[in-house]
Amino acid sequence: MVEFRKASSQPASIKNTAIVTAVLATCLSSALCSAAFAEAAKEFRYTVGAHANISVDTQYGSISVKPGTDNEVVVTATLKSDNVEVDQQQNGNRIEIASHLLRGTDQRNGQVDYELLIPPDATVNLRSSTGPMSAERLQGDLTLEGAEAAVNVRDVENGHVHIRTMRGPITLTDVRNGHVEVASISGDVHLKGVTGPLVQVTSGRGGISYDGDFSSGGEYRFTTHTGDIRVLVPADVSADFKARSVLGRVQHDFPLKPRHSRFPEEVGRSFFGTTGQASSEVVLRSFSGRIRLKQR
Amino acid sequence: MTCSDVEQALPELLDGEANGAFPTEVESHLQSCAACSGLVSDLETIAGAARTLAASEEPPPRVWARIALELRAEGLIRDQPADAKLAPGRPILLPTAARRRWSSTAWWLAPVAAALVAGGSYVVSHKPATPVAQNQAPVNAAPSSAPSPAGSAPTTPWQCRLPAQASMQPTVTAQTTVEPEPSADDQQFLSAVSTRAPSMRATYENQLKAVNADILETQAYVDRNPRDAEAREHLMEAYQQKALLYQIALDRIQ
Amino acid sequence: MTDPKQAITEAEAIEQAKQGHEAAFEVLYHLHKRRVYSLCLRMVANPAQAEDLAQEAFLQLFRKIGTFRGESAFSTWLHRMTVNVVLMQLRKKGLPVVSLEETLEADDEAPRKEFGTKDLRLTGSVDRLQLQRAIDKLPPGYRTVFVLHDVEGFEHNEIAQMVGCSIGNSKSQLHKARLKLRDFLKFMRAEKAKTG
Numbered sequence: 001m002v003e004f005r006k007a008s009s010q011p012a013s014i015k016n017t018a019i020v021t022a023v024l025a026t027c028l029s030s031a032l033c034s035a036a037f038a039e040a041a042k043e044f045r046y047t048v049g050a051h052a053n054i055s056v057d058t059q060y061g062s063i064s065v066k067p068g069t070d071n072e073v074v075v076t077a078t079l080k081s082d083n084v085e086v087d088q089q090q091n092g093n094r095i096e097i098a099s100h101l102l103r104g105t106d107q108r109n110g111q112v113d114y115e116l117l118i119p120p121d122a123t124v125n126l127r128s129s130t131g132p133m134s135a136e137r138l139q140g141d142l143t144l145e146g147a148e149a150a151v152n153v154r155d156v157e158n159g160h161v162h163i164r165t166m167r168g169p170i171t172l173t174d175v176r177n178g179h180v181e182v183a184s185i186s187g188d189v190h191l192k193g194v195t196g197p198l199v200q201v202t203s204g205r206g207g208i209s210y211d212g213d214f215s216s217g218g219e220y221r222f223t224t225h226t227g228d229i230r231v232l233v234p235a236d237v238s239a240d241f242k243a244r245s246v247l248g249r250v251q252h253d254f255p256l257k258p259r260h261s262r263f264p265e266e267v268g269r270s271f272f273g274t275t276g277q278a279s280s281e282v283v284l285r286s287f288s289g290r291i292r293l294k295q296r
Numbered sequence: 297m298t299c300s301d302v303e304q305a306l307p308e309l310l311d312g313e314a315n316g317a318f319p320t321e322v323e324s325h326l327q328s329c330a331a332c333s334g335l336v337s338d339l340e341t342i343a344g345a346a347r348t349l350a351a352s353e354e355p356p357p358r359v360w361a362r363i364a365l366e367l368r369a370e371g372l373i374r375d376q377p378a379d380a381k382l383a384p385g386r387p388i389l390l391p392t393a394a395r396r397r398w399s400s401t402a403w404w405l406a407p408v409a410a411a412l413v414a415g416g417s418y419v420v421s422h423k424p425a426t427p428v429a430q431n432q433a434p435v436n437a438a439p440s441s442a443p444s445p446a447g448s449a450p451t452t453p454w455q456c457r458l459p460a461q462a463s464m465q466p467t468v469t470a471q472t473t474v475e476p477e478p479s480a481d482d483q484q485f486l487s488a489v490s491t492r493a494p495s496m497r498a499t500y501e502n503q504l505k506a507v508n509a510d511i512l513e514t515q516a517y518v519d520r521n522p523r524d525a526e527a528r529e530h531l532m533e534a535y536q537q538k539a540l541l542y543q544i545a546l547d548r549i550q
Numbered sequence: 551m552t553d554p555k556q557a558i559t560e561a562e563a564i565e566q567a568k569q570g571h572e573a574a575f576e577v578l579y580h581l582h583k584r585r586v587y588s589l590c591l592r593m594v595a596n597p598a599q600a601e602d603l604a605q606e607a608f609l610q611l612f613r614k615i616g617t618f619r620g621e622s623a624f625s626t627w628l629h630r631m632t633v634n635v636v637l638m639q640l641r642k643k644g645l646p647v648v649s650l651e652e653t654l655e656a657d658d659e660a661p662r663k664e665f666g667t668k669d670l671r672l673t674g675s676v677d678r679l680q681l682q683r684a685i686d687k688l689p690p691g692y693r694t695v696f697v698l699h700d701v702e703g704f705e706h707n708e709i710a711q712m713v714g715c716s717i718g719n720s721k722s723q724l725h726k727a728r729l730k731l732r733d734f735l736k737f738m739r740a741e742k743a744k745t746g
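Protein chains in written order, with my numbering: chain A, 1 to 296; chain B, 297 to 550; chain C, 551 to 746.
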């Protein structure tokens, strides 16, 4: 049975529509009609102003966010069973959506997949344990958190991007001009075309790979505990590099101009130096992972 | 009027709006019927006594602590500059504006997570005779209003975790890398995860083992190389990883 | 935690809270914490849950403080918000917010005749602790209306609107709750008399 939740304080712009597709399992008798598994899609629409704030929280399920029109948020939620509900409310420019699991619901029954179309300047907060989560072609601030969720962010301009996962892999592509802060305990992090005033990535046991040019005169800090750091940059990169691994091997194939540093340089464990105008600062650190700086 | 009639009428009569002015036939019944007048008197006594219960209970201090934590996380408390320039080597925890709400039922994890971070930075900032680490991280990830488990300053929990009293004790000597015994906090953490999200327990347990092993390994290296500021930075970051694990689990436990 | 200095008025605290000052939020919290927490505790009869609910009520209030214009009393606003937070929680858990029976059942109709005359009145004042325990024992549906009306002072029309029932239903639930409490209290008193 599909149940609607009324939003707490709403203008008349909210519309709820439900499309129910029921797939019946074996029915021995009407009294024993077991687990009629109904997957239901629900749509919610909200009118918002500039810089809306949108949160989606689902324990199980995917979340995908794309740009839509400037003053409307459209949320399509696909519920895998009727053991999970969608709670949603709007307070002015703030929209909160959450999957509400009924007692005893597991990952299979509790899954809700969300697709959102939002104004490109909206602030977005997403959380899913299982994921995946994706966001693309946006300009507002993004915060994504998932335990095992794979996170994929592409084509984001100007917004701050904050991501953290436990072991979900994280991929950022063409993210520019904002602060990027990524933290994972053991997920791998892949950055391609990511530049901005601050790009800070930490993974404990996962690896970090960067394919880009360290431009924008920004500060780039990649840190791992045991994971490897691999950086691929063009020959004309302009940066001040510091790299050190306490126990792992460190290599570069750039003709770095040496720079005075407080750290004693240990061949094979660290390198310091600049290329070009040293416009950006790049700090690569690992406890026992390998660090490799390679020319494209 | 019978007792039964009076009883039927009581919900309306006693709703407080009549102010005790019962209709005549009810009054005369009550004057002659001890049972009904006793009932009316009792119900009025109960209603009167109930008023004294309003605002009679005091919530424990942790309620305000959690509210303040959340207000800060949502940027509603703005006593500090919101957009201070990021210092180099800033802790990996998300800036407060982006942090999700702490789960209120696992409230005890919040100070543990904060203490892990604060304790890690104590390691960095309190070792003498070593070059100042260029990447020394300021302690700004733990909100000032978060209570520590010992109810005192954040450095206290770290002191409880010094090697001699470490809550994580390897089961064999430092020669071999072993899985540490989970601390009391870790046990409580896993127990909370098991109760609230049993399907995730194995995952969290494995991650916890991994971060604990990393902490121990790094601690062992720092003990052998006390002058290596970089290594101490990594030890602090290993603690931050553990705090991150607690936070991710904590946000999910509902 | 010590009580805050109440050097500022509530109105000043509200204005300062809008500016994001922590001390102002704290003043507002301490001014209203007992009322909010007590309401939650009476309604759910569980201290841990009551803490969560009180926290949530204050957070919802503080999130909206920017929109407070002073057209109604701040405490009224907070009071209602607290009730809504608790009712939403009860609904989420599938607990009955209020029972649906409109009429008294047969066995509730008349005072039980097996009590001797001298036992009919709750003589003296009602023991507060016993009353608290008795309220906790009430079925959730009865408890809600009793707490809202007799403890918190809401009118039946307000209760009816908040919980989504009729005014008649609210009145009959209240009456049943009081009858049940009377029975509990008499039982407790009799037990206490036995053990001396």
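No wet-lab data here; the hints were simulated from the structure. Hints should not be assumed to be uniformly reliable.
Claimed, not checked - Restricting the straight-line Cα-Cα distance to at most 35 Å, the calculated cross-link-like pairs of lysine-lysine (DSBU-like) are: (1) 257(A) <-> 505(B); (2) 66(A) <-> 730(C); (3) 80(A) <-> 643(C).
What the hints assert, rightly or not - Just a sample of chain B residues kept apart from chain A, beta carbon distances all over 12 Å, derived: (4) 343; (5) 344; (6) 354.
Claimed, not checked - Across the chosen pairs, the derived CB separations fall in these ranges: (7) 66(A) <-> 678(C): 41 to 49 Å; (8) 327(B) <-> 561(C): 25 to 33 Å; (9) 69(A) <-> 352(B): 46 to 54 Å; (10) 327(B) <-> 641(C): 43 to 51 Å; (11) 375(B) <-> 235(A): 26 to 34 Å; (12) 192(A) <-> 686(C): 35 to 43 Å; (13) 523(B) <-> 192(A): 16 to 24 Å; (14) 354(B) <-> 266(A): 57 to 65 Å; (15) 520(B) <-> 294(A): 50 to 58 Å; (16) 707(C) <-> 320(B): 25 to 33 Å; (17) 104(A) <-> 613(C): 43 to 51 Å.
Cβ coordinates follow ideal geometry from the N, Cα and C atoms, glycine included.
Against the structure, the hints:
1. 257(A) <-> 505(B): Judged against 35 Å, a Cα distance of about 42 Å means the pair is violated.
2. 66(A) <-> 730(C): At roughly 57 Å apart (the allowed maximum being 35 Å), residue 730(C) and residue 66(A) break the hint.
3. 80(A) <-> 643(C): holds (21 Å)
4. 343: At about 32 Å from chain A, residue 343(B) clears the 12 Å cut-off, so the statement holds.
5. 344: Check passes; 35 Å lies beyond 12 Å.
6. 354: The assertion about residue 354(B) holds, with a minimum of 29 Å to chain A.
7. 66(A) <-> 678(C): 41 to 49 Å: violated (59 Å)
8. 327(B) <-> 561(C): 25 to 33 Å: Between residue 327(B) and residue 561(C), where Cβ atoms are some 51 Å apart, the hint is violated.
9. 69(A) <-> 352(B): 46 to 54 Å: holds (52 Å)
10. 327(B) <-> 641(C): 43 to 51 Å: holds (45 Å)
11. 375(B) <-> 235(A): 26 to 34 Å: violated (48 Å)
12. 192(A) <-> 686(C): 35 to 43 Å: Because 60 Å falls outside the window, the suggested range is violated.
13. 523(B) <-> 192(A): 16 to 24 Å: Violated: the Cβ-Cβ distance is about 38 Å, outside 16 to 24 Å.
14. 354(B) <-> 266(A): 57 to 65 Å: Given a distance of about 60 Å, which is inside 57 to 65 Å, the answer is holds.
15. 520(B) <-> 294(A): 50 to 58 Å: violated (32 Å)
16. 707(C) <-> 320(B): 25 to 33 Å: holds (27 Å)
17. 104(A) <-> 613(C): 43 to 51 Å: Distance hint for residue 104(A), residue 613(C) is violated at roughly 32 Å.
Checked against the numbered hints given earlier, the structure breaks hints 1, 2, 7, 8, 11, 12, 13, 15, 17 and satisfies all the rest.
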